[in-house]
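**Student:** Following the hints, put chain S in place on chain L, whose structure we already have.
Protein chains in written order, with our numbering: chain L, 244 to 496; chain S, 100 to 260.
Worth flagging that the hints you see were computed from the coordinates, not collected in a lab.
Just to be clear, a hint being listed does not mean it is correct.
In silico lysine-lysine, BS3-like type, Cα no more than 27 Å apart, as pairs [as the list claims (entries may be wrong)]:
{"id": "1", "chain 1": "S", "residue 1": "K103", "chain 2": "S", "residue 2": "K228"}
{"id": "2", "chain 1": "S", "residue 1": "K105", "chain 2": "S", "residue 2": "K163"}
{"id": "3", "chain 1": "L", "residue 1": "K373", "chain 2": "S", "residue 2": "K208"}
{"id": "4", "chain 1": "S", "residue 1": "K196", "chain 2": "L", "residue 2": "K357"}
{"id": "5", "chain 1": "S", "residue 1": "K194", "chain 2": "S", "residue 2": "K163"}
{"id": "6", "chain 1": "S", "residue 1": "K163", "chain 2": "L", "residue 2": "K308"}
{"id": "7", "chain 1": "S", "residue 1": "K208", "chain 2": "S", "residue 2": "K228"}
{"id": "8", "chain 1": "S", "residue 1": "K196", "chain 2": "L", "residue 2": "K373"}
{"id": "9", "chain 1": "L", "residue 1": "K373", "chain 2": "S", "residue 2": "K103"}
{"id": "10", "chain 1": "L", "residue 1": "K308", "chain 2": "L", "residue 2": "K489"}
{"id": "11", "chain 1": "S", "residue 1": "K194", "chain 2": "S", "residue 2": "K105"}
{"id": "12", "chain 1": "S", "residue 1": "K194", "chain 2": "S", "residue 2": "K228"}
{"id": "13", "chain 1": "L", "residue 1": "K397", "chain 2": "L", "residue 2": "K437"}
{"id": "14", "chain 1": "S", "residue 1": "K163", "chain 2": "S", "residue 2": "K208"}
{"id": "15", "chain 1": "L", "residue 1": "K470", "chain 2": "L", "residue 2": "K437"}
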Amino acid sequence: MNNSLVEYIMHLADNSLIHGHRLSEWCGHGPILEVDIALSNIALDNIGAARSLYEYAAEIEGNGKTEDTYPYFRDVRQFKNSLLLELPNGNFADTIAKCLLFDTYQFYFYTALKNSTDNRLAAIAEKSLKEVTYHLRFSSEWVVRLGDGTDESKQKMQNAIAEHWEYAGELFAPSNIELEMIEQGIAPNLDALKDVWQQKIAETIEEATLSFPLSNEKGWFQSGGKKGIHTEYLGFILADLQYMQKTYPNSEW
Amino acid sequence: MVSKEKIYSYLENVSDPEVPVLSILDLGIVRDVIINEVNETVEILITPTYSGCPAMQMIAMNVKIEMLAQGVKNVSVTEILSPAWTTDWMTENGKRKLNEYGIAPPQNKSNEYISIEDLIVPCPICQSKNTSVISEFGSTACKSLYRCNDCLEPFDYFKCH
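Excised from the complex, chain L in its bound form (with noise of 0.2 Å):
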């Protein structure tokens, strides 16, 4: 069995499904019906590209495990999604700013992930793909939206990107797993996708007429999810995601 083939994995699956959970609490909340529709659609292609992840981690490692048993029963230390997306959904411009790094992010990873040496792995981002392409447009045209819109929709916007750029650097700082994978192919080198990246968003954030972040020049940045080190969010966040199997192991619907 390949330890490092599973951690991996589990990196990219708690990344979809913590960002698809918490695009699923504006569910009802939405500031329009469209919008509430949109982050929901958002959520669960998040949640599906999450379950397919799980999936394959549990087919590997065997041993009873089901896709189930990663986002359940493991406690914070456990998971290693990017702090980024633990972040609270603040208001619609933090959510949207959130949204435009890691589907900028998304966008170009899965594109290189459908090259990877790992077959399962290159479905599922040729999958993901054709998803995050709509989440991308959606993102960016709100970006643009609220930068070019009031004085108050411009100064929140603006602030969202600033407070955020400095979690998206974790997002290509390399962890020893994704070191190891990358060396063997099945990972995507993530600094050939940061260039890429930076420049997909600086046009975003000048068709938006906003100005770079600041603290992009000091270069930044937090870090910790990787590793399992994460903000007071996370365990916030799973506690109202597993008090069910907590309380219940095992129930089924």
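**Tutor:** What follows is chain S alone, placed relative to chain L:
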């Protein structure tokens, strides 16, 4: 042992739970049927439309129920992800049925990109081409929401994917 053709004819009876006017064959999600004469088993390969499609489990269950009702035993349903589903696999008959049901069918092939501004989706109710998009995301992952500027009715568009 039951023939592959027979299995396909039974699958015609299984509809998409979210768009009941379409059979799963019209939708193009049945990728293959593998009949093992030795073990007398039937394996049906299906692919999800979207990763998080909540109808998938129900479809797999309905396939098994249909097969049992037709007297086919030892049926398994396997989900495959690659090649990824595309609306190009939807049958012409399926597109016609969609339109009659009030859902505009996909207008282009998945490999020809048309921006949302340039895409013309005719209204399935009055056939007018004067329509506009309300939201790219609709009541299910596979649809977006449109409005006809002539008859003023909102309608679903089964988006090209």
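**Student:** Hints first: check each against the structure and report whether it holds.
**Tutor:** Right, here's what the structure says about each hint:
Using a Cα cut-off of 27 Å, the hinted pair S:K103 and S:K228 is violated, with the two alpha carbons roughly 42 Å apart. With a C-alpha separation of about 15 Å, the suggested pairing of S:K105 with S:K163 holds against the 27 Å cut-off. Under the criterion of a C-alpha separation no larger than 27 Å, the hint pairing L:K373 with S:K208 is consistent with the structure, at around 14 Å. Using a Cα cut-off of 27 Å, the hinted pair S:K196 and L:K357 is violated, with the two alpha carbons roughly 34 Å apart.
Simply put, S:K194 and S:K163 have alpha-carbon atoms about 26 Å apart, close enough for the 27 Å limit, and the pair holds. Proposed proximity of S:K163 and L:K308 is supported: the alpha carbons are some 25 Å apart, at most 27 Å. With a C-alpha separation of about 19 Å, the suggested pairing of S:K208 with S:K228 holds against the 27 Å cut-off. Distance hint between S:K196 and L:K373 is fulfilled; the C-alpha atoms sit about 25 Å from each other, no more than 27 Å.
Distance hint between L:K373 and S:K103 is unfulfilled; the C-alpha atoms sit about 31 Å from each other, more than 27 Å. For the hint pairing L:K308 with L:K489, the CA-to-CA distance comes to about 16 Å; that is within 27 Å, so the pair holds. Note on S:K194 and S:K105: the hinted pairing holds, with a Cα-Cα distance of about 24 Å set against a maximum of 27 Å. Distance check on the hinted pair: S:K194 and S:K228 sit about 17 Å apart at the alpha-carbon level, within 27 Å; holds.
The hinted pair formed by L:K397 and L:K437 meets the criterion: a straight-line CA distance of about 26 Å does not exceed 27 Å. Simply put, S:K163 and S:K208 have alpha-carbon atoms about 32 Å apart, too far for the 27 Å limit, and the pair is violated. About 20 Å separates the Cα atoms of L:K470 and L:K437, which keeps this hinted pair within 27 Å; it holds.
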